[in-house]
Amino acid sequence: MSRIGPALHRLGPILVLLAIGCVIPTHVPISEGAPRQHRILGVPFFSQVRSQCGPAALAMALSYAGTWTEPDAISEQVFTEARGGSFQFDVVGAARRRAHVPFPIQDWDHLLDEVVADRPVVVLQNLGLFWYPVWHFAVLIGFDLDASSVTLHSGRERARTIALATFARTWRRGSNWGRVILPPGELPTRISVEAALDAIQSFERTEQWEAAARSYIAVTERWPGSAPAQFALGNALYRAGDSRSSAAAFEAALRIEPSFMPALNNLAHVLAESGEKARALELLEVHRDRPGPWRDSILRTLEQIAEPDTADP
Amino acid sequence: MDSPASPDLHAKQLVFARTSDCVYRRETLHMTTSPLALVRQMLCGILVAAAATLGPIQVARAELIATDAVLPSPATAARAELQAVLERTDVRAELQQLGIEPSEASARVASLSDAEVIEVQGRLSELPAGEGFVEAVAGVLIVTVAVLVFTDLLGYTDVFPFIRPLDRPRAAGEPEIDSEPGL
Numbered sequence: 001m002s003r004i005g006p007a008l009h010r011l012g013p014i015l016v017l018l019a020i021g022c023v024i025p026t027h028v029p030i031s032e033g034a035p036r037q038h039r040i041l042g043v044p045f046f047s048q049v050r051s052q053c054g055p056a057a058l059a060m061a062l063s064y065a066g067t068w069t070e071p072d073a074i075s076e077q078v079f080t081e082a083r084g085g086s087f088q089f090d091v092v093g094a095a096r097r098r099a100h101v102p103f104p105i106q107d108w109d110h111l112l113d114e115v116v117a118d119r120p121v122v123v124l125q126n127l128g129l130f131w132y133p134v135w136h137f138a139v140l141i142g143f144d145l146d147a148s149s150v151t152l153h154s155g156r157e158r159a160r161t162i163a164l165a166t167f168a169r170t171w172r173r174g175s176n177w178g179r180v181i182l183p184p185g186e187l188p189t190r191i192s193v194e195a196a197l198d199a200i201q202s203f204e205r206t207e208q209w210e211a212a213a214r215s216y217i218a219v220t221e222r223w224p225g226s227a228p229a230q231f232a233l234g235n236a237l238y239r240a241g242d243s244r245s246s247a248a249a250f251e252a253a254l255r256i257e258p259s260f261m262p263a264l265n266n267l268a269h270v271l272a273e274s275g276e277k278a279r280a281l282e283l284l285e286v287h288r289d290r291p292g293p294w295r296d297s298i299l300r301t302l303e304q305i306a307e308p309d310t311a312d313p
Numbered sequence: 001m002d003s004p005a006s007p008d009l010h011a012k013q014l015v016f017a018r019t020s021d022c023v024y025r026r027e028t029l030h031m032t033t034s035p036l037a038l039v040r041q042m043l044c045g046i047l048v049a050a051a052a053t054l055g056p057i058q059v060a061r062a063e064l065i066a067t068d069a070v071l072p073s074p075a076t077a078a079r080a081e082l083q084a085v086l087e088r089t090d091v092r093a094e095l096q097q098l099g100i101e102p103s104e105a106s107a108r109v110a111s112l113s114d115a116e117v118i119e120v121q122g123r124l125s126e127l128p129a130g131e132g133f134v135e136a137v138a139g140v141l142i143v144t145v146a147v148l149v150f151t152d153l154l155g156y157t158d159v160f161p162f163i164r165p166l167d168r169p170r171a172a173g174e175p176e177i178d179s180e181p182g183l
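Protein chains in written order, with this note's numbering: chain A, 1 to 313; chain B, 1 to 183.
The shape of chain B in the complex, shown without the other chains (with noise of 0.2 Å):
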């Protein structure tokens, strides 16, 4: 057996190893100051952070292939996986923004799947957040609160939870309910 600690090496190694032809053009770059050029020099800056911050990345052990390396297709996995550690950071980064510590905004992307971070890094801000009724009402344009009214009296909406519907459960048989109105 390895010891416990070269896996986690092996995986940082192999970061290394894809960045560092990043690093190399860095140098090489900068003689340009084009657009594209200071986006790259960002982007192999981040990836090297991320490279050196985040430690193992999905390589099971060295040598063992991976299960996310064969489950979607092989082809697209290694760039998939280059791509999520970018993006790993950035919703890190989203997060702390948003307020939560670094350890736990670390632990919270830590749980993510690289599709899920994919998903939702960038989009923070209009994401939806489930808060519930009582806070969302505060603050609210008197015109706003009297639609709601009105549509959860429909059955529209349900955001007053002491409003019931006007109209009563159908009757037995089969459940049919009218599409949404274009509001």
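Isolated chain A (complex conformation) (with noise of 0.2 Å):
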């Protein structure tokens, strides 16, 4: 007794403040009716070296994404040194630099789509307290629901079970941050329209231009009614060289959105780029006068095409 005396008092603070979490309860948010279980195979594991979970994780998505790449790879490309880790933009950073798409986890509803999709999900737990945070980056690759368990590769454990409450804490101390990583041309099983252009919008800047136009082709697949999926799926069949398509993503974008101009001034550009000045001149003039933010690259871009020295090559 004597001894446990102290040490209880000691304690006591930390139990006071436990208990006070444990009494209040909260939901994992899943909705119900979704699969209460799945497990992915053939994900590669690769053992993190080191503090180098960024890399091994980010090479187990990319491999089982149809890239094979180890983690000594892309180490250069994602892990800080003098952090002792990886920045969350790195990881992202490194896998547009290998011609992958990164989507965010809108949710747990999201989160457990992608792996009953057989998609692995690169997330980024604090598995310590935000006093002492231990910043983990694992793959999530299944879930068991009945069980209340996930599986991860993580760390130096393939295949990793362990309780979903631990994870669900782990997970929100990272801000439920989670990206799956998809070869260009496929997109999430959840997304909006706006997150997915901004997603691949954001992979552009690699000036992967045709694999940004595969990605784009299937946002327009998914969402026929989006003129902005044309029109940016336009600007990046112009920038692959491939005007002719770019033209014909324009002309979609205008027959969904006729008073969309970014795209009427895209197309006018590509026509009179390809010798059909006199029907880009024509599409101008009809617009010329409308008011609007455009209004002044509309007159510019008329300007210009219709100078015969500055719109030839």
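It is worth saying that the hints were derived from the structure and are not from the lab. All C-beta atoms in this analysis are idealised placements derived from N, C-alpha and C, irrespective of residue type, glycine included. Zero decoy hints are in this set.
Derived DEER-like restraints, expressed as beta-carbon distance ranges:
(1) B:R123 <-> A:P29: 27 to 35 Å
(2) A:A34 <-> B:E101: 40 to 48 Å
(3) A:S192 <-> B:V143: 43 to 51 Å
(4) B:T144 <-> A:R160: 19 to 27 Å
(5) A:G275 <-> B:Q96: 42 to 50 Å
(6) A:S31 <-> B:V140: 37 to 45 Å
Take the two lone chains, each set in its own frame, and fit them into one complex as the hints suggest.
Structure representation (structure tokens):
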């Protein structure tokens, strides 16, 4: 007794805090009717070397997505020695540099959805506490709601199964950050058209235009009524050097939204460059007096195409 | 078709056109030495340096309206672009300070969207850097280790992979977790 007393005394504040936390139950926000369990088979496992969980996690996701990548090959792009770890933005950037498009995980339902669709998810966890954070990247490869567990390729452990509640807490401390790393042309199971375009546009920074175009095509297929998707596709195709398809995409944008002036402006340029100057001018003339933020651009384009020397190559 | 070099050239000219009035102001500000003027001078300097080294920004072609000029609100796009130029340089410098090779730092920054660059700029020292468990525990006070072992056992944390939480996974039914304690 005399020994336990002081120990309890010291642990008291912690126990009180834990007790306060324990009495307020919350739920892992998962919708009814979702699959109860799934396990992705065949996700390659790379054991983490030193504190290189970032390169390891990304390498597993890339390798599974079809581009075999060893952690060593991307370590320089992902890992930051001075911080002894990997930043989230470097994980995302390195995926793009390897011609893959990272898409953000929206919520718990989406997280499990991607696993059910056989797509491993790179997650950021804080394994420690907010005053003593232990940041960690792992790859979610399975879950079992009936057993209240999830399975991760994590650190040095292949297919580590932990309690769902523990994962929920550590993932929440990592702000529920998760990314699916997809090859060009694939889209996540759940996403808004805006978020999809944003993710592909970010990928575009690496100037892989054909790959970006393939992803935009997927967006236009899932959201056939999106003029911005056709517009973004038109720009990517143009940069990829495919003027004809580019013009077709701008035309599609205008069919969906006839007053979408940026598409009109760009279509006129592409047509003029392909020798269809008369048609380009005709298009622009119809809209030259339409008020709005793009009026100046339209007038400038009109001027430029009308001038004989500047428009022709 | 334009020659392949022209869009790049044009993009640079665009930035220089924008920075030129800033360069001009720099001379007039030279007379006054208020802190604000100094800050503005420095900003101008960075902007000019950025324009000189970064090359093309998001100008798809001289005349084509770029995707990112349309998808966010067009009114703010131009300003955001200018801001992003500044912050790209900042983030690159921050990465170099962390020992990343200049060319690699540039490549890392180049693979990020404007929004991402703006988000991380100036925050590299506080941003999470995933490392895992092994090094994290080295050189820690014994008290902290004790607390982490304790919270690991309760399933609140997962620092030590060899520690399994005491409570077994809940029986079939609704997955329920307790809210986080204020630790």
